[in-house]
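S.K.: Here's the letter readout for the chains.
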Amino acid sequence: NAGVTQTPKFQVLKTGQSMTLQCAQDMNHNSMYWYRQDPGMGLRLIYYSASEGTTDKGEVPNGYNVSRLNKREFSLRLESAAPSQTSVYFCASSEPRSYGYTFGSGTRLTVV
Amino acid sequence: DQQVKQNSPSLSVQEGRISILNCDYTNSMFDYFLWYKKYPAEGPTFLISISSIKDKNEDGRFTVFLNKSAKHLSLHIVPSQPGDSAVYFCAASAWYSGNTPLVFGKGTRLSVIA
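Protein sequence lines, in the order shown, are assigned to chains A and B. Numbered per the numbering used here, the first sequence spans residues 1 to 112. Numbered per the numbering used here, the second sequence spans residues 113 to 226.
These are calculated hints, taken from the structure and not from any lab test. Where is the CB? At the ideal position from N, CA and C, for every residue including glycine. Be aware that one or more of the hints could be misleading.
[Claimed, not checked] Computed Cβ-Cβ distance ranges for the label pairs, DEER-style:
#1 A:Gln17 x B:Ile132: 17 to 27 angstroms
#2 B:Val190 x A:Lys14: 44 to 54 angstroms
#3 A:Gly53 x B:Ser124: 42 to 52 angstroms
#4 B:Ala182 x A:Gly16: 39 to 49 angstroms
#5 A:Gly100 x B:Asp167: 34 to 44 angstroms
The whole structure should be built from the sequences, with the hints applied where relevant.
M.R.: What follows is the structure, encoded as structure tokens:
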């Protein structure tokens with residue numbers, strides 16, 4: 001099925017460990033986004049990529065890095081995980097000036 | 113500082129009645145507004161949108177109203193069905209002026225009781 005695929009779906013990390021969350025879309029969208037969802041906080045933008053080769057910080061970028069590997073893939077890296085990064089992470093994609101963001105099903109990350 | 117506010121964390125409605133979800137925004141540059149619906153363990157899905165040149169947009173049981181002077185929008189669901197039980201997020205963007213990424217509110221959990 002066409003859409004946004006996120007891997008892994010679940011992950012438990014120890015404080016200080018690193019990991020990369022993977023995201024791939026097959027809709028040929030130019031723009032991709034990483035959001036995190038925390039209880040009572042809604043969806044907050046971490047980083048986004050308006051087009052291949054560009055990335056920009058969102059509202060909560062500290063502790064994260066991103067790579068727009070190609071048009072299809074946009075990864076999110078935690079270099080040294082902290083308990084405050086326990087969250088559900090959503091990747092999304094869209095065409096520029098399109099109202100339709102397509103979201104992946106999320107990665108539930110727990111940092112202990 | 114929150115630019116998109118959903119002040120009601122939860123709402124319970126009887127099946128068949130109207131559900132009204134509210135959203136306020138502070139950024140006057142926002143010119144495109146959307147509602148997303150989210151079920152547990154799934155990503156948000158687009159529900160309905162409205163641009164700042166309109167004050168109403170309707171799609172089946174869902175209607176969004178925009179009051180620009182009050183910086184307020186609302187989502188009406190009529191009639192409400194048990195399958196509408198989900199978390200609803202209001203989102204906004206400066207779409208026409210700068211194509212900024214969507215800014216989301218904190219969400220409202222709707223429970224439709226049969």
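S.K.: Can you name, in rising order, the numbers of the hints this structure does not satisfy?
M.R.: Going through the list in order, the structure violates hints 1 and 5 and respects the others.
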